[in-house]
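*Asks:* Under numbering that gives the first Met the number 0, the first residue of the sequence shown is numbered 0, with each subsequent residue one higher.
Honestly, the hints are just simulated from the structure, not real lab data.
For clarity, every value in this text was computed on a predicted model and none was experimentally measured.
Keep in mind that a hint or two might mislead.
[Said to hold, decoys possible] Here are the simulated lysine to any residue pairs, SDA-like style, with alpha carbons at most 20 angstroms apart:
{"no.": "1", "residue 1": "K89", "residue 2": "G145"}
{"no.": "2", "residue 1": "K89", "residue 2": "T71"}
{"no.": "3", "residue 1": "K89", "residue 2": "V70"}
{"no.": "4", "residue 1": "K89", "residue 2": "I49"}
{"no.": "5", "residue 1": "K89", "residue 2": "N26"}
{"no.": "6", "residue 1": "K89", "residue 2": "R129"}
{"no.": "7", "residue 1": "K89", "residue 2": "E106"}
{"no.": "8", "residue 1": "K89", "residue 2": "D138"}
{"no.": "9", "residue 1": "K89", "residue 2": "R131"}
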Amino acid sequence: MATRIEAIGAEAAALLATIHAEAFPANQAWGASALGLMLGLPGHFGLIAIQQDQPLGFALARAQGPEAEIVTIAVRPAHQGQGVGRILLKGVMDEAARHGALDLFLEVAEPNTAARALYAGARAREVGRRRRYYADGADALVLRLGLGQDVPG
0 MATRIEAIGA EAAALLATIH AEAFPANQAW GASALGLMLG LPGHFGLIAI
50 QQDQPLGFAL ARAQGPEAEI VTIAVRPAHQ GQGVGRILLK GVMDEAARHG
100 ALDLFLEVAE PNTAARALYA GARAREVGRR RRYYADGADA LVLRLGLGQD
150 VPG
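Modelling step: build the complete structure from the supplied sequences, incorporating the hints.
*Replies:* Structure representation (C-alpha coordinates):
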(Lines of atoms letter the chains of each structure in order from A; the text may use other names.)
(Lines give C-alpha, C1' and ligand atoms only; values in the text may rest on other atoms or scores of the structure.)
Protein backbone atom coordinates (compact mmCIF):
# COMPACT_ATOMS: atom_id res chain seq x y z
CA MET A 0 0.00 0.00 0.00
CA ALA A 1 1.41 3.32 -1.03
CA THR A 2 1.51 6.21 1.38
CA ARG A 3 0.94 9.57 -0.22
CA ILE A 4 1.76 13.03 1.08
CA GLU A 5 -0.65 15.92 0.62
CA ALA A 6 -0.55 19.57 1.60
CA ILE A 7 -2.89 20.41 4.45
CA GLY A 8 -3.97 23.72 5.88
CA ALA A 9 -5.68 25.33 8.85
CA GLU A 10 -9.04 23.87 7.81
CA ALA A 11 -7.79 20.47 9.06
CA ALA A 12 -6.65 21.72 12.47
CA ALA A 13 -9.11 19.51 14.41
CA LEU A 14 -7.85 16.36 12.68
CA LEU A 15 -4.23 17.39 13.25
CA ALA A 16 -4.92 18.03 16.94
CA THR A 17 -6.39 14.53 17.23
CA ILE A 18 -3.29 12.99 15.65
CA HIS A 19 -0.97 15.12 17.82
CA ALA A 20 -2.84 14.03 20.96
CA GLU A 21 -2.44 10.37 19.96
CA ALA A 22 1.27 10.76 19.23
CA PHE A 23 2.37 12.83 22.24
CA PRO A 24 1.76 12.75 26.00
CA ALA A 25 -1.23 14.85 27.09
CA ASN A 26 0.96 17.62 28.51
CA GLN A 27 2.75 17.99 25.15
CA ALA A 28 -0.23 17.74 22.78
CA TRP A 29 -1.19 20.82 20.80
CA GLY A 30 -4.79 21.89 20.36
CA ALA A 31 -6.65 22.70 17.16
CA SER A 32 -6.52 26.46 17.72
CA ALA A 33 -2.72 26.49 18.08
CA LEU A 34 -2.23 24.26 15.03
CA GLY A 35 -4.68 26.28 12.94
CA LEU A 36 -2.98 29.52 13.95
CA MET A 37 0.47 28.19 13.02
CA LEU A 38 -0.74 26.93 9.64
CA GLY A 39 -2.12 30.39 8.91
CA LEU A 40 1.20 32.14 9.48
CA PRO A 41 3.30 33.25 6.51
CA GLY A 42 5.81 30.62 5.40
CA HIS A 43 4.24 27.81 7.43
CA PHE A 44 3.03 24.65 5.72
CA GLY A 45 1.56 21.31 6.66
CA LEU A 46 1.82 17.89 5.08
CA ILE A 47 -0.26 14.84 5.88
CA ALA A 48 0.58 11.19 5.20
CA ILE A 49 -2.40 9.21 3.94
CA GLN A 50 -2.80 5.52 3.15
CA GLN A 51 -6.09 4.15 1.84
CA ASP A 52 -7.78 7.45 2.75
CA GLN A 53 -6.64 7.10 6.38
CA PRO A 54 -4.44 9.85 7.88
CA LEU A 55 -1.32 8.32 9.41
CA GLY A 56 0.53 11.40 10.57
CA PHE A 57 1.47 14.95 9.70
CA ALA A 58 4.30 17.44 9.69
CA LEU A 59 4.16 21.15 10.33
CA ALA A 60 7.08 23.29 9.19
CA ARG A 61 8.02 26.78 8.16
CA ALA A 62 10.39 28.15 5.57
CA GLN A 63 11.74 31.66 5.41
CA GLY A 64 14.66 32.67 3.25
CA PRO A 65 17.52 30.17 3.30
CA GLU A 66 16.30 28.42 6.47
CA ALA A 67 13.42 26.12 7.29
CA GLU A 68 12.34 24.54 10.56
CA ILE A 69 10.29 21.49 11.46
CA VAL A 70 7.77 22.61 14.05
CA THR A 71 6.40 19.12 14.71
CA ILE A 72 6.03 15.69 13.20
CA ALA A 73 3.30 13.47 14.66
CA VAL A 74 2.62 9.88 13.63
CA ARG A 75 -0.26 7.84 15.01
CA PRO A 76 1.07 5.14 17.35
CA ALA A 77 -0.31 2.28 15.23
CA HIS A 78 1.81 3.51 12.31
CA GLN A 79 5.03 4.39 14.12
CA GLY A 80 8.08 2.42 13.06
CA GLN A 81 6.68 1.87 9.56
CA GLY A 82 8.51 4.64 7.69
CA VAL A 83 5.76 7.28 7.94
CA GLY A 84 8.06 9.71 9.74
CA ARG A 85 10.72 9.24 7.05
CA ILE A 86 8.16 9.93 4.30
CA LEU A 87 6.99 13.08 6.10
CA LEU A 88 10.57 14.23 6.67
CA LYS A 89 11.36 13.79 2.98
CA GLY A 90 8.20 15.73 2.10
CA VAL A 91 9.20 18.59 4.42
CA MET A 92 12.70 18.65 2.96
CA ASP A 93 11.32 18.83 -0.59
CA GLU A 94 8.75 21.51 0.22
CA ALA A 95 11.26 23.61 2.17
CA ALA A 96 13.68 23.42 -0.77
CA ARG A 97 10.87 24.55 -3.10
CA HIS A 98 10.48 27.59 -0.82
CA GLY A 99 14.18 28.35 -1.33
CA ALA A 100 15.53 27.00 1.96
CA LEU A 101 19.06 25.60 2.00
CA ASP A 102 19.04 24.25 5.56
CA LEU A 103 16.39 22.58 7.69
CA PHE A 104 16.56 22.86 11.48
CA LEU A 105 14.66 21.02 14.18
CA GLU A 106 14.71 20.30 17.87
CA VAL A 107 14.34 16.82 19.33
CA ALA A 108 14.25 15.68 22.94
CA GLU A 109 17.48 13.91 23.78
CA PRO A 110 15.66 10.83 25.20
CA ASN A 111 13.50 10.45 22.05
CA THR A 112 15.55 7.65 20.50
CA ALA A 113 13.06 6.87 17.71
CA ALA A 114 13.02 10.46 16.44
CA ARG A 115 16.78 10.76 16.82
CA ALA A 116 17.23 7.61 14.73
CA LEU A 117 14.94 9.06 12.04
CA TYR A 118 16.96 12.27 11.84
CA ALA A 119 20.31 10.48 12.02
CA GLY A 120 19.19 8.32 9.11
CA ALA A 121 18.59 11.51 7.15
CA ARG A 122 22.13 12.68 8.03
CA ALA A 123 21.06 15.40 10.46
CA ARG A 124 23.93 16.88 12.45
CA GLU A 125 23.74 18.21 15.98
CA VAL A 126 24.54 21.92 15.98
CA GLY A 127 23.37 22.91 19.44
CA ARG A 128 21.69 21.94 22.67
CA ARG A 129 19.02 23.67 24.73
CA ARG A 130 19.48 22.58 28.33
CA ARG A 131 16.33 21.52 30.20
CA TYR A 132 14.20 22.76 27.28
CA TYR A 133 11.26 20.40 27.75
CA ALA A 134 8.79 20.36 30.66
CA ASP A 135 10.22 17.05 31.89
CA GLY A 136 13.70 18.60 32.11
CA ALA A 137 15.07 16.87 29.01
CA ASP A 138 17.54 18.69 26.81
CA ALA A 139 16.59 19.58 23.25
CA LEU A 140 19.13 18.73 20.60
CA VAL A 141 19.19 21.26 17.78
CA LEU A 142 19.79 19.46 14.49
CA ARG A 143 20.56 20.70 10.99
CA LEU A 144 19.92 19.01 7.66
CA GLY A 145 21.34 20.37 4.43
CA LEU A 146 18.63 20.42 1.79
CA GLY A 147 19.14 18.99 -1.65
CA GLN A 148 20.37 15.68 -0.26
CA ASP A 149 18.42 12.46 -0.47
CA VAL A 150 16.90 10.84 2.61
CA PRO A 151 18.37 7.31 2.72
CA GLY A 152 16.24 4.24 2.73
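*Asks:* Decide, hint by hint, whether the structure agrees.
*Replies:* Going through the hints against the structure:
no.	hint	in the structure
1	K89 - G145	holds, 12 angstroms
2	K89 - T71	holds, 14 angstroms
3	K89 - V70	holds, 15 angstroms
4	K89 - I49	holds, 15 angstroms
5	K89 - N26	violated, 28 angstroms
6	K89 - R129	violated, 25 angstroms
7	K89 - E106	holds, 17 angstroms
8	K89 - D138	violated, 25 angstroms
9	K89 - R131	violated, 29 angstroms
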